[in-house]
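2 protein chains.
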Amino acid sequence: MSAKSQRYWTTDASDILRVGPGFRLADVDPRSTPGHTGRKDHGIADLAAGVDELDEYQERLYAASRSDATDASVLLVLQAMDSAGKGGIIRHVVGSVDPQGVMLTAFKKPTPEELAHDFLWRIEKRLPEPGFIGVFDRSHYEDVLIGRVRRLAPADEIERRYGAINDFETRLTEAGTRIVKVMLHISPEEQKARLGERLDRPDKHWKYNPGDIDERELWPAYMDAYQTVFERTSTDAAPWHVVPADRKWYARLAVQALLLEALEAIDPQWPAATFDVGVERARLAAS
Amino acid sequence: MSAKSQRYWTTDASDILRVGPGFRLADVDPRSTPGHTGRKDHGIADLAAGVDELDEYQERLYAASRSDATDASVLLVLQAMDSAGKGGIIRHVVGSVDPQGVMLTAFKKPTPEELAHDFLWRIEKRLPEPGFIGVFDRSHYEDVLIGRVRRLAPADEIERRYGAINDFETRLTEAGTRIVKVMLHISPEEQKARLGERLDRPDKHWKYNPGDIDERELWPAYMDAYQTVFERTSTDAAPWHVVPADRKWYARLAVQALLLEALEAIDPQWPAATFDVGVERARLAAS
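Just so you know, the protein sequences line up as chains X and D, in that order.
Taken in order, the first sequence gives residues 1 to 287; the numbers are from UniProt numbering.
Taken in order, the second sequence gives residues 1 to 287; the numbers are from UniProt numbering.
If you're looking for bench data, these hints aren't it; they were derived computationally from the structure.
Some hints here could point you the wrong way.
With a Cα cut of at most 35 angstroms, we get these calculated DSBU-like pairs of lysine-lysine [stated by the list, open to error]:
id, chain 1, residue 1, chain 2, residue 2
1, D, 108, X, 108
2, D, 109, X, 40
3, D, 125, X, 207
4, D, 125, X, 109
5, D, 108, D, 248
6, X, 125, D, 204
7, X, 4, D, 40
8, X, 109, X, 248
9, D, 204, X, 108
10, X, 207, D, 4
11, X, 248, D, 4
12, X, 125, D, 108
13, D, 40, D, 207
14, D, 108, X, 109
15, D, 192, D, 248
16, X, 4, D, 248
17, D, 207, X, 125
Calculated Cβ distances over 12 angstroms to all of chain X for the following chain D residues [stated by the list, open to error]:
id, residue
18, 104
19, 147
20, 168
21, 249
22, 266
Idealized CB from N, CA, C, for every residue including glycine.
Chain X on its own, in the form it takes in the complex:
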């Protein structure tokens, strides 16, 4: 069942965007709006409507965890080429949720200390506690994406990591974490336009990095690496979702819908009081 508050979906976002058998990234049109009627004004209305629903789910999830009623948590994993819109999603979708219930981590180039450990070491330390929505801006998948494209590790080590990731994510899922893996898919043409805008505006220069062009030259190699990631790590326990991202409104709405559907599946409930309400009323009155 799709998010209750969002009226213009024709099907569940998690169904239509899920990477299943035979999926080919090359077949996805980055300007498409799968499962949604596709008008921008409808999308914006749906996004606004989803804010309150997400807000209540988050608070229920948090509340339920405080009473030991549940170990459930959510982990949103965001991967994308530069300028695909991760930042906008964190700002506009994640940013609409009470920050007290969110644990956000931006994974940068690994530090020497991080490199001295297994690639999952730094990830483990940032997993959401029960009741929280964890958000990874980049993740352990960098180690099989840039790691593969730039040959930062030997081929057999890259190979080992796909299995290690699946084992890791299965364990998280069994411990109560619902993992929502999202690749934001933009076209190279849209990226060119967005990088150009960063160059045109002095207040955007700080977001531009000459290295972005070097990465851009490797586009086909990155798409191959993503295709392999999908084939090797889109599991029943933790499937991937590819979100067309040339239209920012659709990408934001789709990620919000994926979060709503994950929370709906958890269906957290307000916990029962762990104290006698009548007794406490009397104590309060006498205080």
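Once you've looked at the hints, dock chain D against the given chain X.
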């Protein structure tokens, strides 16, 4: 100069709320609205107007830090009796800022590991990096508040801590952190009403803790401990602000104004490009 976007202040929030020589907490009316014309609808309009201003300041601060142009950061320290509204401020004021620029920590009862270290050990680990707005929901001041009231440490250790805090905060300030220390001041009558509401509503039961009444019985001792905190740790480098908090709209607006004034004093600028814009335009066009 007060926040540009907020029209109904008659003076700077940081001036009128600052704890100076001779300050007496007992003289502050928790229902008052110092420095603001005091109508709720004006306050709500000002709060909405401040959101965009805070948003731009935060982004400028973050951008400036990415270019090594500044070591500046902001640290908001929130202290209060239960139900005074810390959570609402985090949700509605801090929550309006891009989460990518915020580092929020809720300090709970110390763990055995934390207790095995000096009281500032866990605080150090959560200080904001340059460019960030750090937010402490409770803080090192717990160690001279509940620590004093509940005698969790010997008197001479409590005494030592005031000086240690001042040294610590002076060092932070010298390293570029602007510390905004806020005590939200509610009346015991307002607390009674708010705790009563938590008991009346099943969806608020999880926020109620029978221990809240035990703390409530110690109200005068807590007010004494706060008075001592103000006398000992409201320094030029890191002054305290007492925000009357019986009116939620005023407390939220005042904290937003304090943040805006701190950022205005830093006055972060968009950093200059560290690359040749023309060269990069050509590289992008050719890519």
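- Query: Against which earlier hints does the structure fall short, listed by number upward?
  - Reply: 2, 9, 18
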